[in-house]
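Visitor: Listed below are the residues making up each chain.
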Amino acid sequence: MSNLIKIETDKKFGLIRKLKSVPLSDRHTLSIKDLKKDSFIRVFKDTYIVDDVYTYQDKEDTWTELKLINVLTLEVKYLEIEEDDEIELSWTEKEISMKDLPDVDTIEDMADEESGQIKYAGNIFYYDDDYKAKFIKKDKKEKVYFYDFLSDDKKMITIEEWGSDKTGYSYQAFLSFSIPVEAVEILSL
Amino acid sequence: MGRVLIITLLLLGIVGVAFYFLKNKKVEKKTEKKEMSPEEIKEKIQNDNLKKHMDRLLVLNLKVRTDFEDLKIIKIVEETIDSIKKITDEMVKLENFSEASVMFNRIGEKYLPELIDGYLNLGEAKQKENKEEFVANLNKLSEEVKKIENSLFDENEKSFDRTNILIKSMFEDFEGRIK
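So the protein lines, in turn, are chains U and L.
Heads up: the first sequence begins at 1 in this note's numbering, then just goes up one per residue.
Heads up: the second sequence begins at 1001 in this note's numbering, then just goes up one per residue.
Hints were generated in silico from the structure; no laboratory data involved.
Some clues are possibly wrong.
[Unchecked claim] Using 25 Å as the maximum straight-line C-alpha spacing, the simulated DSS-like pairs for lysine-lysine come out as follows:
no., chain 1, residue 1, chain 2, residue 2
1, L, 1093, U, 18
2, L, 1042, L, 1093
3, U, 6, L, 1051
4, U, 45, L, 1052
5, L, 1131, U, 20
6, U, 6, L, 1131
7, U, 11, L, 1051
Here the structure is a predicted model, which means the values were calculated and not measured.
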């Protein structure tokens, strides 16, 4: 077996064998709010292990982001959990290259005017919101600024601005969409 | 007029020839990139087949971890999977088992999954009735795989023949039972 195949296969078996699943009859008692590192969930027929948990905080809200690893493909996904009147989930489909989006100055102008649109993959995404937040990972805190653009079919492009005037800025963009709580099956906590 | 026509035709001819050579150069470059040695091709096919085989074992392991509560059953299945992995890896290295390895692969791809699916599809009540028989079948399959593993890693020079015989006999036994 080639070394790369062996390393990947061993990693996947290692992840799978961490799963000690709760009996099917008890799974409905598990809460999405209790998910933590090494919890297992199933979403869209794929099984994921929670690799890390991040917290975001702005003036009014706090929300959680789970970094997930697909145990069969090692693909990384993110699930955001926010509690308003009810639990709201956002599933990150993929990271987008900043080269496929308008330049940062244009995005900032749209945020100043609170209007504008982005064209991506044949869809139009309209300016929705922009806000700052604190990103909290274990003991580390970092400032981040978000620019949200929403399409008619409720997909979201979020552009994240990291850094400061001192250190310089870096950007990441993600495509996500809302999913119902029922789409997530918790296999173990 | 005649001269203009001749010059025009000459220029067109030169452009045509230049275009022809440029196109062929691109084709040559593409061909150069794609060519692999027979050894590389053989290795690629082996790795692709191995990956597919391992992927099936991964899916099976995940299924057992997700759908079974009994840790003893999970343990037997995972020990069997580990033996299958070890044997498959060794067979590929030794290159002595082309026919036998095709038969052996059916353990991970057909016999073990069908045994497990057959039990899970019974429903809760029937599973309780048939659990003992299921565990006995699982143990039997696990023992057969262990025999093959022991035979393959035996220092004795006759182990290749013995391994082939074991695999063929297991194949006939299970192929007859699971249809």
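Visitor: Run every hint past the structure and note whether it holds.
Guide: Against the structure, the hints come out as follows:
1. L:1093 - U:18: 30 Å, violated
2. L:1042 - L:1093: 13 Å, holds
3. U:6 - L:1051: Within the cut-off at roughly 9 Å; holds.
4. U:45 - L:1052: 19 Å, holds
5. L:1131 - U:20: 20 Å, holds
6. U:6 - L:1131: Violated, at roughly 34 Å.
7. U:11 - L:1051: 14 Å, holds
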